[in-house]
Each structure stands twice: as structure tokens, then as C-alpha cells.
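Given only the sequences and the hints, what does the whole structure look like? Please build it.
Taken in sequence, the protein lines are chains A and B.
According to my numbering, the residues represented by the first sequence are 1 to 653, in order.
According to my numbering, the residues represented by the second sequence are 1001 to 1326, in order.
Some clues are possibly wrong.
To be verified - Pairs of lysine-lysine, DSBU-like flavour, derived with a Cα cap of 30 Å:
1. B:K1220 x A:K87
2. A:K348 x A:K625
3. A:K6 x B:K1220
4. A:K185 x B:K1220
5. A:K348 x A:K417
6. A:K465 x A:K527
7. A:K465 x A:K552
8. A:K524 x A:K552
9. A:K413 x A:K465
What the hints assert, rightly or not - Okay, the calculated bits of chain B under chain A, using three or more residues with CB under 8 Å as the criterion:
10. 1217 to 1226
11. 1232 to 1242
Unchecked claim - Have a look at the derived ranges for each label pair, beta carbon to beta carbon:
12. A:G199 x B:L1256: 55 to 63 Å
13. A:A98 x B:Q1165: 56 to 64 Å
14. A:D9 x B:T1263: 56 to 64 Å
15. B:T1079 x A:E124: 54 to 62 Å
16. A:Q149 x B:A1189: 44 to 52 Å
17. B:A1078 x A:A98: 46 to 54 Å
18. A:N59 x B:C1306: 44 to 52 Å
19. A:P102 x B:L1256: 22 to 30 Å
20. B:F1018 x A:P102: 24 to 32 Å
21. B:R1128 x A:P102: 22 to 30 Å
22. A:K527 x B:R1128: 54 to 62 Å
23. B:G1130 x A:K6: 27 to 35 Å
24. B:A1169 x A:N59: 48 to 56 Å
25. A:Q149 x B:R1270: 44 to 52 Å
Treat the hints as calculated values from the structure; they're not laboratory data.
Every residue, glycine too, gets a C-beta built ideally from N, C-alpha and C.
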Amino acid sequence: MNLEVKNLDVAYGNGGHSIQALEDVNLKIDQGRCLALVGESGSGKTTLGKACLGLLPNNARQRGSILLNGQEIDTNDETALNTIRWKSVSMVFQNGAANLNPAHRIIDQVAEPLIQHGGVNRDEARGRAAKVLEEMGLPEEFLGRYPHQFSGGQVQRVLLAMAMILDPGVLILDEPTSALDALTKGVVSRVIEEGRSRGKAILLITHDLEFAVRSADSMAVLYLGQIMEALPADELFSNPLHPYTLALKRSYPAMNSARDLGGIRGDAFYRTIHQHGHEDETDYLHSHIQVPESSHKDGHAPPSGCLFSERCTQAIEECQKGRVRFEQAGTHTVRCLRRGIVDMLELKGVEKGYNSVTALCPIDLTVKAGEIFSLVGETGSGKTTLAMTAAGITRPDQGSRLFEGRDMDRWIKKDYKSLARRIGVIYQNPAESISHRFSVLETVAEPLTIHRVGLEKGERVDRVKKCLADVHLSTDRAFLERYPHELNMGALQRICLARALVLGPRFLIADEPTSSLDPSVQAKVLKLLLDLQIERGLTMLFVSHDIGLVRKISDRIGVMLQGQMVERGPASSILSQPCHPYTRLLIESVRRAFSLELNRGNNRQHPAGCSFAPRCPERQEICDKQTPQLRDIGHVQVACHFPLNTPLFPFLQ
Amino acid sequence: MATGTNQAAGRFWQVITFSLAALAMIYLSYLLPRLLPGDFVTATYASANVTLTAEQEAGLRAYYTQDKGFGDYLLKLATLDWGYSYAFLTPVSDLFFGALPWTILLLGSANLISMFIGFVTGVEAAWRHGSRTEKGLVGGMTVLEGIPEICTGVILLVVFAYNLQWFPAAGAETAYAEGGFFQRLIDMAHHLALPLTTLVLAYFPGNFLLTRNSMMMVIKAHYIDTARAKGIFPRRIRYAHAARNALQPIVTRFGLRLAFMITGALVVERINSYPGLGTLLFNAIQTRDLPVIQAVVLFSSLIVLCVILGMEGVYRIIDPRIGNAR
Chain A
1 MNLEVKNLDV
11 AYGNGGHSIQ
21 ALEDVNLKID
31 QGRCLALVGE
41 SGSGKTTLGK
51 ACLGLLPNNA
61 RQRGSILLNG
71 QEIDTNDETA
81 LNTIRWKSVS
91 MVFQNGAANL
101 NPAHRIIDQV
111 AEPLIQHGGV
121 NRDEARGRAA
131 KVLEEMGLPE
141 EFLGRYPHQF
151 SGGQVQRVLL
161 AMAMILDPGV
171 LILDEPTSAL
181 DALTKGVVSR
191 VIEEGRSRGK
201 AILLITHDLE
211 FAVRSADSMA
221 VLYLGQIMEA
231 LPADELFSNP
241 LHPYTLALKR
251 SYPAMNSARD
261 LGGIRGDAFY
271 RTIHQHGHED
281 ETDYLHSHIQ
291 VPESSHKDGH
301 APPSGCLFSE
311 RCTQAIEECQ
321 KGRVRFEQAG
331 THTVRCLRRG
341 IVDMLELKGV
351 EKGYNSVTAL
361 CPIDLTVKAG
371 EIFSLVGETG
381 SGKTTLAMTA
391 AGITRPDQGS
401 RLFEGRDMDR
411 WIKKDYKSLA
421 RRIGVIYQNP
431 AESISHRFSV
441 LETVAEPLTI
451 HRVGLEKGER
461 VDRVKKCLAD
471 VHLSTDRAFL
481 ERYPHELNMG
491 ALQRICLARA
501 LVLGPRFLIA
511 DEPTSSLDPS
521 VQAKVLKLLL
531 DLQIERGLTM
541 LFVSHDIGLV
551 RKISDRIGVM
561 LQGQMVERGP
571 ASSILSQPCH
581 PYTRLLIESV
591 RRAFSLELNR
601 GNNRQHPAGC
611 SFAPRCPERQ
621 EICDKQTPQL
631 RDIGHVQVAC
641 HFPLNTPLFP
651 FLQ
Chain B
1001 MATGTNQAAG
1011 RFWQVITFSL
1021 AALAMIYLSY
1031 LLPRLLPGDF
1041 VTATYASANV
1051 TLTAEQEAGL
1061 RAYYTQDKGF
1071 GDYLLKLATL
1081 DWGYSYAFLT
1091 PVSDLFFGAL
1101 PWTILLLGSA
1111 NLISMFIGFV
1121 TGVEAAWRHG
1131 SRTEKGLVGG
1141 MTVLEGIPEI
1151 CTGVILLVVF
1161 AYNLQWFPAA
1171 GAETAYAEGG
1181 FFQRLIDMAH
1191 HLALPLTTLV
1201 LAYFPGNFLL
1211 TRNSMMMVIK
1221 AHYIDTARAK
1231 GIFPRRIRYA
1241 HAARNALQPI
1251 VTRFGLRLAF
1261 MITGALVVER
1271 INSYPGLGTL
1281 LFNAIQTRDL
1291 PVIQAVVLFS
1301 SLIVLCVILG
1311 MEGVYRIIDP
1321 RIGNAR
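Structure follows, in C-alpha cells:
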């Protein structure tokens, strides 16, 4: 069977104040397919599941249609509903044991639909129920018990057995894995897998993103009742397109992601629709996003526009206006005015040489808005050159640079100041990047002076103090008047950081920004940067040798080798399963020393062939003759003739 | 099994506690009537046109208050010798067992009927929550619940017994009537009608409101949604799933009503001069007929104990979770 939802709107309550639970929801699940519906709680996931069974409470107003095998379900006709309920569409409800009648034995509860719909007598129904329950792994002596005698995982098995008893064509699973241990999750996985192979259409409602990716074919991301993005399930972690999907992914503690958990700024509660006089206008019907403790006026969401705009870090003014359409973008469909996450920086075919030395071979680099992109690689691999080129400081010999969609070279010529204000830079050597003649105050306030920010008396000093406090430096008068030679490296580096952040840039380019900090201060500074990423959507290009550090903060990683990018992709993939032997060597050398191996042939200027070949354990003939080009392998891009396909830490996979 | 021994130990202690409670009640049934001001002699002769000399009075008092102490009382109870009524000079047990069936008939049927009607209307009303019928029923029942049974009793009596003369005003059956078994049955029903209606009207609104409220909690439960999702017939959802779990308060109320059977019947039995235990007790108190008072008080307190003990078992059947709650 297949299940299709068309233009579904659901609102709860009536008249004055109603809550918009779903709006303009469209989705289709073909037979043998599983669609995962993900989103924060309160996004309307369960409402959608219940709507498919006609189980919405009386105060729900529903528009649009739900089609089963192309036939519309009439949710007002209880008799008609009862012919499809459980027989064609069944559901595993969330909240476990609360869904079982405490006064009935579980075997009777499982057998009940059989007696009702199957015309089977009580004994036979019990026999068949026992069989299904046993398939779910419940031993026979459990069957005559009452729900309160079961553990959470056993209840989940009972609910699954109950849903499968009539072998329905459509199965809806509402949070089937919450509160389950990883091993019991396997039972749910098996039910989904078997259901798919037997041609069922499965709607999986969950906030367990990893389980969703593993079990489903496609995925829909719901936010405040609207589908924000529909995407193939396996691209959730590697290629989210909508800012909300990305934020959701960042909030999820995925097993093979070492990055610190991020959140989503602000809170989503629920949307109310009501009517009242607003300022001097007459009554009109409009919607709200309810925010606690805010006055009514402040709590007003835009009557139209993107629902996520309030929390989106890349929102522009237009996002608050107009209707956002649900549009196709490649294999994804997104509801975003900017068609998903935009590119902050785009370098194409950038080349740079210093006299006879090639620092950058033609290189492409895209940094998306709000992400932290880390460049790693051995010394002299061109990381700093690439970073400075991206910052607009170094001029490339060849290639084009786009920043926020505008040509950088032209921008530099026309109005360098406005570009420089958007990009904060932290240079590699803090001692050298601060003038000896500037006090701490003068150093950090300099960008404000140049850009004529904070002209009022005292304002600049306040901003400087705030910035210094953010990087955990002293803000007293004596410290502000000190000079660089009086300070240690850790303090200097933090002053550089404060200077880079004082203008509130959109993009931060940081070349080893924490190399001189002790771990405790480094942890605080990184926390600050991650918070800025969540709250302001700060984008970062991060250059570091410290793989352990990169693991903790990166969304994506690019691996540099002799002016080339040899591997690039999501941080979790690169760190858990590096494909390029060079990357693997880099990561493994954190644990073991490979000094000899790494040094051999390091300065070779390569006429042809792979620049890693002299040191490569996998080297073959072709490696010396032909330069490998970047190509897609899974979610990553690798420039290697013989990419590795084994995980670095086998047991985790 | 460990739980088995635990449960057995639990039962044992329960029996012990209940026995102790019963003993305490027996003592109170012995003590309390004795604390009533006045005694049989003053009660009987105070209003009579007989003047007793001090000697006569002392003699009578000595005759009627042959108190041999609690131990003797207990012993007599054990041998089922409940003594003689002072007023009627017949064995207390004769009086008691003469009145008991009528009370059981009246109170039993009143409780059963009001529970059944209250339960069914409560379930149906809760299911139609928010409808005009439900709102009307809840309002009406609340008003009805507020009218004391003494009012309904008197009104019914005035209207149907005196004005319309459809029903007899007093008694449980026509005295010295002759006729077959069925005629007697009809006669009894005829006499029962007014007090029964009074009690049903008094009990059933409470049952209705209790059931409805209990149902309101239950129908919001997730398992009701599950049952709906399973496509179960609405009536089966209402009764097998919802009402089944709403039973507990109503059963509790039923039990408590039974426990307070005698006091419950007192007013109505008096109004309709129904020859039950209530009337017996009332008269006995008026005449300070100590042996009768003792018997009725003791019986009524033992019933409370038995009902509570029995309800434990009923609860276990109604809600399987209770057996495990320890």
C-alpha cells in the first residue's frame, strides 16, 4: 500500500485561540519504503501520525487530504475509518505502557483486533497473538501478564506485535526507540526491515536521527508544523540543505561525531492563530509563535514568512516577508527563501606561487554559512596561504573568489573596508601580529577606530572590555594599559582573538588561534566560538595541526598536501574513515610517531604523479605518473588512486 | 517464591489487624450505648402516667441494669446469646433477624439499582463530553445530589401516598394478607416502591457524577486512543476499555454505602415506617433498650470491617496493578 498526504493543515482549538499543528504538509510513502519524520518536540509529528488514523481530537480542524492507495480517507466517517483502522493502517504509539489497558492481559489486547476485524474466535486469535508476540521475542509465560508487569522494552515489543497482528499495509511508528536500549532497538529495526521487504509503507516518527538514517529511505524535517526539508535519508548527516536540518544534526549526539554538541538558538514553542486588534488596525486573523515571558507584541511572529527565520542564523530581511515555497533543489526539497544553506565563501581554481615555489595548486574551497571548516595538513602544505587568500589579504595569481556571493577582487577594489569588517582574522603568530607600540586597549580598539564604530564616549572601552571578558582576560585599567612585551603568549593570542571579534564579523579566519593557550583557557575560548556559531551563525575557517582540537569543533575538514586539497568532507567521515593514506597517517600520528615516514620526500616538487607517493604505503606504478584528481567516494572527496575503505577504529563501525 | 511468602505474611498481618479492630469495635458497642444519658427506666416511665416510688424505681433499675462486665458480654456474644430486649421482652436475635431482611432488601436493591443506572448514564455522558445532553445531565444531577433524602422522601410520600394514594404510606407488606407467593411478592414491591425510589434518587446522582468524573480521566488515557486506532466497536471501547478502568471509585462508593447500610436506611425507614434495622435502632435508642442497641451497633460496625476486607479483594480484580503495589 502507499500513503500520501496532500496539503494537510491541522489546527487545534476553535475560534479565538487555536494552535496550528500542521500546515501545508505534503508527503508520499510508496510501498516497501520507509519515510522518517524528524523534528523537535511540538513540531507536529505525532499529530500527523494520528491524522492518518483519524484519531485527532474533536477540537482539531483538518484540511487537505490523506490518501491510502490513492483513495481519500474520510476522517469524519467513523464507520469507514473503522474499516481501515488497524486492518490497513496501524500505529505504534509513543509513551509505551500508557497505551496498554492496565486491566486487560496483554495477549487479549494483542488478539483483540483479530477478533474484531478478522472474524476469528477467541482461542484462535489468542494463538495467533501468541505467535506474533513470540516472534517479537516475548516468551510464552509473559503472555498472560498485565502491562504493569512489563519493562519498557517488553512493552515496546507488545506494541509492535499489536501493530503487526493484522499485517497492515501501512505502519506508523511513533518514537518506537525512545527509552530503548540499543539492543532492543534491533527488534524495531527488524520489524521495519521485514515490513519494507513485504511491501508495507512505513512512517517512522522519531527524534533519533541515527536510527532514522539507518532505517529510512527518505526523510522529512518538520518544524512548527511545516516540512522544512525533504531529503534522502542517508544525506542527513553529510549534506543537510536547510539551516534547520543542519542545526538539528548538530544537536544530535551521533555516535561517530566527535564534535561538541551544538544547539539551536532560541526556542520553538507552538504557533497560535487568533484574532484581535493590533495597534491601531482592526481585528485580523494572524499567527504567532508563542514565546514565554514575552509581551504579546514581542511574541508576534511574522504573519507570513519563514517560520524558522527567528532562529535562523542566515536569515535576511526578506525571510520575514512573503510566503516561502517548498521547492525542489537537487535530490532535496526545501522550504527556504535562500534555497538552503548559502555559501559564505567560494574559491575557484585559486593558485598562488612565491617565486619558484608553488604554494597553492589550483584549488577549490567552499565554506557554507554557519559552518566551521578546518584545514589540516603538515607544515608547508599551503594551509596559511589558502586561509589568507580566503581572507582577501593574499592576492591569488589565478582563480576567482566569491564572498557572500559577491566577487571579492572587485569588492576589495571598490570598498575594502566593508569587506574587511565582515571578516575577522587571527594570525598565526600573536606576538608579531600586534604592534609593540600599542597598548592592549589600543590594539583591541583599533578596528573600532578604523571602522568608526562606537563614537560615543566610553562606548569603545566598554566594547573592548566586553570582548576581553569573552576571551577570559582581565578588564581592569592596569591591564588595558599594558604593552605586548609585558604579556605572555597566551594573553597575546587571546588579545588577537578579541581584536578579531570586536567588530562582530560574519566570518572568522583563524590560523592556529589557540596554539599558545593552556587547555583550560583553550576550552573556554572554543566554547565561546561554538556559542558564537550557534547564536550568530559565525562561520569559521580554522587552520590547525591539532587533530584532537579539530575533531571537537569542525563540521567539515579539508586535508592539504603540498598546495593541494587531497581529501575533503564531513568531519565525522574523515576522522572515522580517512580514505587518503596521507590523512590516515596524519590522524594516526597523533597516537604514534611516524616522523621518518612523514619527512621523506617532503620537499619534492612534483612534476607529475601523486605528491604523497614517495611516502605512501599503498604506492603503485600509476601513482608516480598521474596526478590523482578529487573524486566523490561516499560523502567525501578524495584525490587518491587507491583510496582506503576500512574504518580507522574498526570496532566503532 | 519470595513474593509468595511476602504476600502470605501480608495476609497474616492483615487478619491480625482486622481481628484487633473487631475486638475494639465489640468493646465500643458494649461501652457506647452505656454512655447514653438516661436509661430504660427513665425513658419508659418518664412520659407514662405512672409515678414510681423511689424504691420501685431502684428495683426496676437494678433489674434492667444487671451489668456483669465486658467479659460476660463477650462470652455471651460468642455463644450467640444476645440477651432479651427490655422493651419487647423477646430475644434480641429474633428482633434483629426479623428486621435484617427488610433492610437488605431495601438497601441492597437501592444500591444496586442506583449503581447500575448511575454507572451507565455516567459512562455515556462522559463519552458525549461537551454535548448538550451531558451538560444538562451534569447540572441536573448536581442539583439532585444537593437535595437531602429526607426531602425527597417526604415529598414522594405526600404526593404518591396521601394525594394520589398509589402506594401505601407505611410498612413492608400488608398485615395479615392472604394469597399466593406472587401476590405477596407484588405486595412487597408495592410497599417497597416509595422508600426504594427515595433512596435511588438520593444515591444515583452521586454515582453518576463519580462515574462521569472517573471516566473523564480515563477517556483521556492513551490506551483509549489505542483502542480507537484498533478500530474496536465504540461500545466495546466504552465499556471494556474505558468503563472497566473507571470502576474503582464507584465500587468504593458501593462498598461504603453497604457498610453504612443501617445509618443510611434510618431516615428513609423512619419516614416510610419500614420495619428494617434503622427503625429498630431508632426505637431502641428512644427507649434506651440497651441489648438491641448493642446488637445493631455491633453488627453495623462489623459490616464495615467485612466490606473493607472484601473490597481489597475486589480491587485486585478490578485493577491488577494493586496486587503488586507494595
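Results for each hint:
| no. | hint | verdict |
| --- | --- | --- |
| 1 | B:K1220 x A:K87 | holds (24 Å) |
| 2 | A:K348 x A:K625 | holds (25 Å) |
| 3 | A:K6 x B:K1220 | holds (29 Å) |
| 4 | A:K185 x B:K1220 | holds (29 Å) |
| 5 | A:K348 x A:K417 | holds (23 Å) |
| 6 | A:K465 x A:K527 | holds (19 Å) |
| 7 | A:K465 x A:K552 | holds (28 Å) |
| 8 | A:K524 x A:K552 | holds (13 Å) |
| 9 | A:K413 x A:K465 | violated (33 Å) |
| 10 | 1217 to 1226 | holds (count 5) |
| 11 | 1232 to 1242 | holds (count 6) |
| 12 | A:G199 x B:L1256: 55 to 63 Å | holds (57 Å) |
| 13 | A:A98 x B:Q1165: 56 to 64 Å | holds (58 Å) |
| 14 | A:D9 x B:T1263: 56 to 64 Å | holds (60 Å) |
| 15 | B:T1079 x A:E124: 54 to 62 Å | holds (59 Å) |
| 16 | A:Q149 x B:A1189: 44 to 52 Å | holds (48 Å) |
| 17 | B:A1078 x A:A98: 46 to 54 Å | holds (52 Å) |
| 18 | A:N59 x B:C1306: 44 to 52 Å | holds (47 Å) |
| 19 | A:P102 x B:L1256: 22 to 30 Å | holds (23 Å) |
| 20 | B:F1018 x A:P102: 24 to 32 Å | holds (28 Å) |
| 21 | B:R1128 x A:P102: 22 to 30 Å | holds (24 Å) |
| 22 | A:K527 x B:R1128: 54 to 62 Å | holds (57 Å) |
| 23 | B:G1130 x A:K6: 27 to 35 Å | holds (30 Å) |
| 24 | B:A1169 x A:N59: 48 to 56 Å | holds (53 Å) |
| 25 | A:Q149 x B:R1270: 44 to 52 Å | holds (51 Å) |
Comparing the model with each earlier hint shows a violation of hint 9 alone; every other hint is respected.
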